[in-house]
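Model the full structure from these sequences, guided by the hints.
Chains as they are written, first to last, in the numbering used here: chain F, 2 to 156; chain G, 6 to 89.
A couple of the hints might just be wrong.
Selected chain G positions facing chain F (Cβ under 8 angstroms, derived; list incomplete) [as the list claims (entries may be wrong)]:
{"no.": "1", "residue": "TRP14"}
{"no.": "2", "residue": "ALA31"}
{"no.": "3", "residue": "ARG58"}
{"no.": "4", "residue": "SER69"}
{"no.": "5", "residue": "MET74"}
Per the computed footprint, the stretches of chain F lying under chain G, defined by three or more beta-carbons under 8 angstroms from a beta-carbon of chain G, are [what the hints assert, rightly or not]:
{"no.": "6", "segment": "54-62"}
{"no.": "7", "segment": "74-82"}
{"no.": "8", "segment": "86-92"}
Please keep in mind that the hints were generated in silico from the structure rather than gathered at the bench. On a predicted model such as this, the values are computed, not experimentally measured, just so you know. For glycine and all other residues, C-beta sits at the position ideal for the given N, C-alpha and C.
Each chain, letter by letter, is given below.
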Amino acid sequence: MSRLLTATCLVSLMLTGCGGNLPPGSTPQTKIAKYAGDVMAGVREVQRMTDTLERTAIITEAQAVAVMAISIRVGQGGLQLASALRVYDAAADLAARKLALAEVNAALDIIDRELKELLAPIDASGQKAKYIDLVTEIVRAAWNVRILLPAGGAA
Amino acid sequence: MNGQDALKWLDLIAAILARTNVVAAAAIAAMRTLYAAWSEAHPDATFEDFVSRLEAGSLDVIGSGEAWMALHGYVRQSDGIWRK
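Listed below in structure tokens is the structure:
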């Protein structure tokens, strides 16, 4: 039953995609902000799930502490990204935009790295697989953020 | 199998089912929220709307994480590590 449930959840996520609908002509930075906001909502759910797993002794307190510490760093990366996106969006010319893009990239690097670390404290045994599935989906959603970023900074 | 053995097995099965129910409910709630967030349309939202939501979401994650740590007696040290 648990496999069926996990498969159903994953298929539903794949079918709906991670983007939702955005108005035509949305700028890449608008989409980045939306997707990154969705990632933060996912990380908040990871925190809730971690709390539940720790209270029911399915994971240890040390594992939960590791997950919470990482999630806080993801949140800090989110704040840094929001700030960098504002600078990027307001940049007047290509040179300024390229400088701002470096800041956006740095913030995305933090979020990417920390999201990957979220998997480390929890092993893949038994029912913890559902947690792994959730985090994997969030990491996949974070990739949606990354692929929107223009390589040359001329969005 | 005698009656005592059967009771032990039934207790074990009940415990496994109880755990499965807790995790399954949490997983469904999490997936539901993600589904809602990812499939929701925002036809009128602007860049500023989304970046404000990103900020609010980030602050929520930071606040909830720090509150959980504090509730469990952890304090962030000067080196950034959380310790009791």
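Now the hints, each set against the structure:
Annotation: interface hint on TRP14(G) violated; nearest CB of chain F at approximately 19 angstroms, more than 8 angstroms. Below 8 angstroms, beta-carbon pairs count as interface contacts, and ALA31(G) has one with chain F at about 5 angstroms; its hint therefore holds. At a threshold of 8 angstroms, the smallest CB-CB gap from ARG58(G) to chain F is about 4 angstroms, leaving the interface hint in force. This hint holds: SER69(G) has a C-beta 5 angstroms from the nearest C-beta of chain F, less than the 8 angstroms allowed.
The restraint placing MET74(G) at the interface with chain F holds, with a minimum CB-CB distance near 6 angstroms, inside the 8 angstroms limit. Look at the segment 54-62 of chain F against chain G: 4 of its residues bring a Cβ nearer than 8 angstroms to a Cβ of that chain, three or more, so the hint holds. Three residues within the 8 angstroms Cβ limit are the bar, and the segment 74-82 of chain F against chain G gives 7, so the coverage statement holds. Counting residues of the segment 86-92 of chain F whose beta-carbon sits less than 8 angstroms from any beta-carbon of chain G gives 3, enough to reach three: the coverage restraint holds.
Hint violations for this structure: number 1 only, all remaining hints satisfied.
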